[in-house]
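Go ahead and model the full structure; you've got the sequences and the hints to work with.
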Amino acid sequence: MKQYLSIHDLPNIKETALEAIELKKNPLQFQELGKNKTIGLLFFNNSLRTRLSTQKAALNLGMEPIVMNFGAEGWQLEFEDGTVMDQGKSEHVKEAAQVISQYCDIIAIRAFAGLEDKAKDEAEEVLEAFKKYATVPVLNMESSVGHPLQALADAITIEEHKPAKKKLKVVLSWAPHPRALPHAVGNSFAEMALAHEDGFEVVITHPKGYELNPEKTKGATIEYDQDKAFKDADFIYTKNWSSYKEYGKVANTDTDWTISNRQMAETDNAKFMHCLPVRRNVVVADEVIDSENSIVIQQANNRTYSAQIVLKKILENL
Amino acid sequence: MKQYLSIHDLPNIKETALEAIELKKNPLQFQELGKNKTIGLLFFNNSLRTRLSTQKAALNLGMEPIVMNFGAEGWQLEFEDGTVMDQGKSEHVKEAAQVISQYCDIIAIRAFAGLEDKAKDEAEEVLEAFKKYATVPVLNMESSVGHPLQALADAITIEEHKPAKKKLKVVLSWAPHPRALPHAVGNSFAEMALAHEDGFEVVITHPKGYELNPEKTKGATIEYDQDKAFKDADFIYTKNWSSYKEYGKVANTDTDWTISNRQMAETDNAKFMHCLPVRRNVVVADEVIDSENSIVIQQANNRTYSAQIVLKKILENL
Amino acid sequence: MKQYLSIHDLPNIKETALEAIELKKNPLQFQELGKNKTIGLLFFNNSLRTRLSTQKAALNLGMEPIVMNFGAEGWQLEFEDGTVMDQGKSEHVKEAAQVISQYCDIIAIRAFAGLEDKAKDEAEEVLEAFKKYATVPVLNMESSVGHPLQALADAITIEEHKPAKKKLKVVLSWAPHPRALPHAVGNSFAEMALAHEDGFEVVITHPKGYELNPEKTKGATIEYDQDKAFKDADFIYTKNWSSYKEYGKVANTDTDWTISNRQMAETDNAKFMHCLPVRRNVVVADEVIDSENSIVIQQANNRTYSAQIVLKKILENL
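Protein sequence lines, in the order shown, are assigned to chains A, B and C. Position one of the first sequence corresponds to residue 60 (this note's numbering), numbered consecutively onward. Position one of the second sequence corresponds to residue 60 (this note's numbering), numbered consecutively onward. Position one of the third sequence corresponds to residue 60 (this note's numbering), numbered consecutively onward.
Rather than coming from a laboratory, the hints here were simulated on the basis of the structure. Because the structure is a prediction, the values reported are computed rather than measured. Hints may contain errors.
Intra- or inter-copy, both count: the list cannot distinguish identical chains.
[What the hints assert, rightly or not] Distance condition first, Cα-Cα at most 25 Å in a straight line; then the derived SDA-like pairs of lysine to any residue:
1. Lys224 - Asp313
2. Lys148 - Pro235
3. Lys304 - Leu253
4. Lys290 - Phe138
5. Lys153 - Ser350
This is the structure:
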């Protein structure tokens, strides 16, 4: 693998998930692979799981992680070409990406959507600029429109917890949240579930007006009745996102959509998933996240193996 | 050892101090013990000595330290159960602690007292929540009411610098400070000195109204006359704290209490100790901290060995 | 070597540059040298190249880098002696430097000029205080008046890219910038070029009023006509700085001084150099920095080998 910008960079989702499950049994077996290699973790946004699990994955592979918080420890980058840089931005990404490529063998980037300018967010300004100018592989630690390390962790978690059934029903459910959140996790989960080689039945449920980018959800059933959507589901994946149509707006905070036992009762004893951090009793009721069917902690644990299998594939190709 | 939340988690203070002194002679002798183990250093407050010495201790043991500044690099945690998390807090400690436990073999936490809500501070909200939910050992890097890594460093320092006497007189003296400071260091020093197997004479001196939590100082002599308290002392341990009774208030900034040669002259050639950082000529006069009797730098050095002996004991028990 | 505070701490600039070029061919050959040694990177100001390349250099030598951002992660230091520390500063550098020396084998410091108090900046308050109180070698990662790691990287870059000529003409050219910038890079480049054993012809060009500290530029030709200065040059080194005379003022933002093909056409096919970060189309036109003659990326790469050769020399002397 030469990069990991979206789930589509994986040769095969299911195969990769199975490889990660193997790796998890003996995570230190490839420590020679990353020896004397550095990974630069560039954070344009805050992070907990991604920050720690990606470092852990790199250490498991013998790599040296170097963390940099761009805002607090560096300065603002310019992403547009040809500008006269006489305002607040001190360095062009063209230099930054080339320079960092000389210090790090892999560059990992977290840069959320600003949720103000749809075209800019869709263009993946930061990630695409690093992809363009970096001379080493780039790893997406959540960008404007995708969070593929999360989606792979999700695939691993589904693989580990799936019931013995011919066709799994996987439901992505919007839930309320007080703040405007990006679409990255929802997008990447949908893309993963729709592209998964096992052929899931994918249902996405949300209030009207919360449709995700239709390009990301092609092949999924959109169901505006949440309880109906949950019917006989095997996995409930919950996540808030702001409106895509009325870009970045919070149009609905209807607590009826908070995941509770009411909706879970409709499922076929479904597992409950969420990428975390999660706001309890807003996104999901305590009764659900604290239930035996909740696998959010196991899911977070798989962030290490998701990152590690991806880094392994990239290292093997260096 | 399964955790280090307070000095009382040590099997024996003096023995541990002596072990640390042995370790100091050859700090790299247990490098295999921590190999492929990570320690997550979670800072909810700023730090210099603790930040650097705990990393150094971990490295000496072959561990990989991963540092996270919760405020600046992550987000606010919710600590109360059952709340509807629709305000400023993005993640419940229940998830955070369980998740971090999957990435780190030991979790170290710094979380100061807020000094606004006595009951909340006394309950050690942050530390206790991590203790409750973490599935790996927790290390206290200074909490609301205690700083046991400092207290152990203090015990090591006393062991190294004590005169040949049957019974040492150890004095904990309040000193003025412009800001309201927590009680953690004073508490833990008192607890250590009172529990020390050598049986110190422990005198605590401060203006009226600055009494520490009486549960922490049981067995100590409280003396409101500072000069009298210093009489024939072997160790003067100075630290400011805000009022415990009028919780978090700064009721007195009487510069008469600043440690100077006047009070030190009363002692039996006592060593001067302070945990640092210290405000010169407010807490202590230059003439004292710059004197030969000042051992504050040696004391700070022992922070490495205090952390290292504790980590060693925890690692041996993993 | 016992420290690296200025380019004059090098025994021989050219020799050191040649050694660095050798090291670059096999950067991991001295990994045993730094084993079990820590370098504390103390940032009083933001950084990208210095932050990453110094860590990379340390890792190449087998060292453990420990990064600390003093402002955000620690607290303000007092640098004056004898003050009553009852204001915003929590710790005296006298303690901080001694203490950190016990945790780190080398202390590296970045502390820019404040550009408000010339005498204070010239006194190198932060660097000199650490030099005075630290008990381990100190490395300058850019101070008020110098950036010697950059200057050595510049010497390496010149060595690698110089044409076969008897006497090189090296031009340091001021260029406009919207903000007031320090003199450190300009100073150190001038010092390096003037002290270089090959005997460069050194020309410095800037608008009147932008003269650098004459002590740093003794032996250089000052030429106020930029185009004339560029005549037959082999290397153009561009950098903005604020006024030294009217200390810290931005007296001129004349875009005529922006480096473009116009001035470059005067040179003898000169290479274009800049320490980065650079504001495109303010300091330098896209047409120049994007040209084949621009070696700014290679120059940034040499920051690793500049730091590594210096650290190697310091480690050999520990």
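Each hint, compared with the structure:
no.	hint	verdict
1	Lys224 - Asp313	neither (34 Å within a copy, 73 Å between copies)
2	Lys148 - Pro235	between (35 Å within a copy, 15 Å between copies)
3	Lys304 - Leu253	within (22 Å within a copy, 62 Å between copies)
4	Lys290 - Phe138	neither (46 Å within a copy, 34 Å between copies)
5	Lys153 - Ser350	between (49 Å within a copy, 13 Å between copies)
Checked against the numbered hints given earlier, the structure breaks hints 1 and 4 and satisfies all the rest.
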